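Undergrad: Listed below are the residues making up each chain.
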Amino acid sequence: MFVIHWLTAPLQYPFMVRALVASVLVSGLCAVIGAYVVLRSMAFLGDALAHSVLPGIAAGLLISGRGDRRSLFWWALGTAIAVSLGIGWIGERSKIREDTAIGIVFAGMFALGVALLSTVRGFAVDLVHILFGNVLGVSSWDLVVIGGFGAAILLTVIFFYKEFLVVTFDPTLAATLRIRAAFYRRLLLVLVAVVVVVSLQTVGLGLMLAMLITPATTAFLLTRRLPWMMGTGAILGAVSGVVGLYLSFYWGIASGAAIVLVATGFFLVSLLVSRRRDVLRWRLRRRSSGQSVAEE
Amino acid sequence: MTSLRAAAARTGRRTTEAVHDPDAPALRIRNLHVSYGERLALEDLTFDLPAGARLAVVGPNGAGKSTLLKAVAGIVPRAGGSIAVHGVVPEGHTCIAYLPQRSEVDWRFPVTAFDAVMMGRIGRLGPLRRPKERDRALVREALGLVGLEDREERRIGELSGGEQQRMFIARAIAQEAELVLLDEPLAGLDVSSQNEVLALLAQLRKATILVALHDLGVAATHFDFLLLLRGRMLGFGHPADVLQPEALREAYGGALRMVRTEDGILVVHDTTCTAEDRCS
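Chains as they are written, first to last, in our numbering: chain W, 1 to 296; chain Z, 1 to 280.
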């Protein structure tokens with residue numbers, strides 16, 4: 001009885017129900033797109049995108065006022081998409097290495113955001129929310145936005161699954177198969193940007209990167225095919241979201257941090273499990289055939 | 001820069017498969033120049049290759065072997081001259097398979113051998129189409145032809161080096177490629193795996209094959225045509241005609257020792273690295 005009460009007690013509060021729904025949706029979404037981020041080694045880009053949203057939010061605050069959270073979302077979305085396309089453009093056209101370009105754009109944008117915010121009176125409170133998120137403050141409108149954009153992102157991934165697969169695996173192969181690699185690369189960047197902005201409310205800028213890469217990497221260690229990696233990552237992310245929120249509810253830990261810590265725990269366990277499994281598999285194969293090991 | 005952008009636009013655009021000119025050779029290259037920034041990687045290359053021919057491209061490191069293959073695949077821009085594959089510029093074709101050096105592939109990527117070979121079908125499918133039973137049958141058949149039927153569920157990183165190279169060849173077969181470009185397919189393989197790969201290449205009778213190679217001995221014994229390269233063409237033709245002491249000395253400099261044996265065959269020790277060569 002105690003366990004059931006322990007589980008259902010938080011559900012009396014509508015804000016907790018909304019927070020649970022939001023974190024399950026966001027974590028799942030992040031893991032699917034995060035699979036591409038991990039496989040293309042774009043972790044830095046994901047982090048940069050999250051941070052470069054700040055000036056958009058600051059501009060929104062200055063122009064449309066503090067109370068209007070909905071317009072802030074659109075400001076953030078516009079900024080993220082512009083930055084992702086800008087980084088892609090610099091990477092393709094310039095002599096500068098892509099990670100350097102990302103670093104410059106990201107730091108510059110973040111500084112611009114802080115500069116703009118510092119002109120707003122009492123910005124500190126807003127900044128805390130933007131940096132760390134506030135999943136407990138998710139509104140019904142936020143849920144509609146997360147659900148709508150989430151569905152659009154998943155459909156895009158399903159429709160262009162094989163193109164994204166080839167572009168991520170081997171850009172040279174994509175070119176010889178005459179796939180429009182540049183187009184799909186940019187589309188993927190836009191998807192990352194949208195996921196980042198949609199997810200900001202739950203974990204904030206500071207922990208956004210963890211949601212993108214931690215469950216996806218855990219799934220990478222446990223699975224052997226991309227669709228399984230995405231599915232496993234989504235489940236792990238969703239479970240992290242729920243467990244993290246319960247920890248947050250009962251122990252008073254900041255919700256975003258709790259979610260990320262649970263996801264990190266899963267990662268550490270999978271690291272140990274997969275290490276042990278690989279050793280076992282290698283021993284089994286050596287026993288079954290001396291031939292294949294000789295080749296390796 | 002303009003040509004680079006134009007080439008990117010050309011390769012970027014989704015094209016319908018180019019119509020082959022039956023009277024044109026499989027590959028016709030005229031005064032080809034390719035440059036990376038300031039540096040000229042290939043200079044004034046001109047040769048024809050008939051359909052079904054197998055050509056080994058040899059030369060020291062940095063001679064432009066990979067560059068030539070990539071130019072023929074239509075994935076690096078031409079600075080001058082022309083390439084025609086069955087009479088049409090390479091960018092119009094989906095029948096060209098480029099098999100990269102194994103070191104250029106991310107082998108940790110979560111795909112199975114089956115998935116990786118299926119990628120060869122993707123150019124044929126076009127956007128928004130899913131692989132059908134016929135595609136799956138072609139992929140299984142290709143895996144069978146290269147002897148990997150029992151490996152199709154293995155993650156690509158779990159395959160041995162020889163199996164990985166054979167998987168690439170299966171991908172070219174599944175792609176129904178008519179021009180197959182292989183970049184150093186024997187690098188890092190033990191002798192028995194090398195022989196398996198060479199035997200497979202010999203079976204690909206329908207396709208025209210270009211192979212970048214280090215090993216002059218293999219090039220001389222397994223190929224109909226040989227192209228000796230060091231930025232520019234130092235010889236093209238039948239292996240015995242190309243492997244002449246003067247041309248080899250020009251290609252490899254002092255790094256090469258040649259020994260005449262009783263029946264007049266040249267035995268060549270190729271360390272591939274000369275003092276003035278940039279060894280990468």
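By construction, these hints were calculated from the structure, which means they are not laboratory data.
A couple of the hints might just be wrong.
Simulated restraints, written as ranges between beta carbons of each label pair [unchecked claim]:
| id | chain 1 | residue 1 | chain 2 | residue 2 | range |
| --- | --- | --- | --- | --- | --- |
| 1 | Z | Ala51 | W | Gly78 | 48 to 56 Å |
| 2 | W | Phe15 | Z | Gly188 | 52 to 60 Å |
| 3 | W | Glu98 | Z | Gln203 | 16 to 24 Å |
| 4 | Z | Glu153 | W | Lys95 | 25 to 33 Å |
In this text the structure is predicted, and so the values were computed from the model without any measurement.
Just so it is clear, CB atoms sit at the ideal spot from N, CA and C, and this is done for glycine as well.
Undergrad: Is 52 to 60 Å respected by the C-beta to C-beta distance linking phenylalanine 15 (chain W) and glycine 188 (chain Z)?
TA: 59 Å, holds
Undergrad: Taking 48 to 56 Å as the hint, is the beta-carbon distance of alanine 51 (chain Z) and glycine 78 (chain W) inside that range?
TA: The hint (48 to 56 Å, Cβ to Cβ) holds, given that alanine 51 (chain Z) and glycine 78 (chain W) are roughly 53 Å apart.
Undergrad: State, for the Cβ atoms of glutamate 98 (chain W) and glutamine 203 (chain Z), whether the hinted interval 16 to 24 Å holds or is violated.
TA: The hint (16 to 24 Å, Cβ to Cβ) is violated, given that glutamate 98 (chain W) and glutamine 203 (chain Z) are roughly 41 Å apart.
Undergrad: Is 25 to 33 Å respected by the C-beta to C-beta distance linking glutamate 153 (chain Z) and lysine 95 (chain W)?
TA: At 43 Å between Cβs, range violated.
In this structure, the earlier hints numbered 3, 4 are contradicted, and the remaining ones agree with it.
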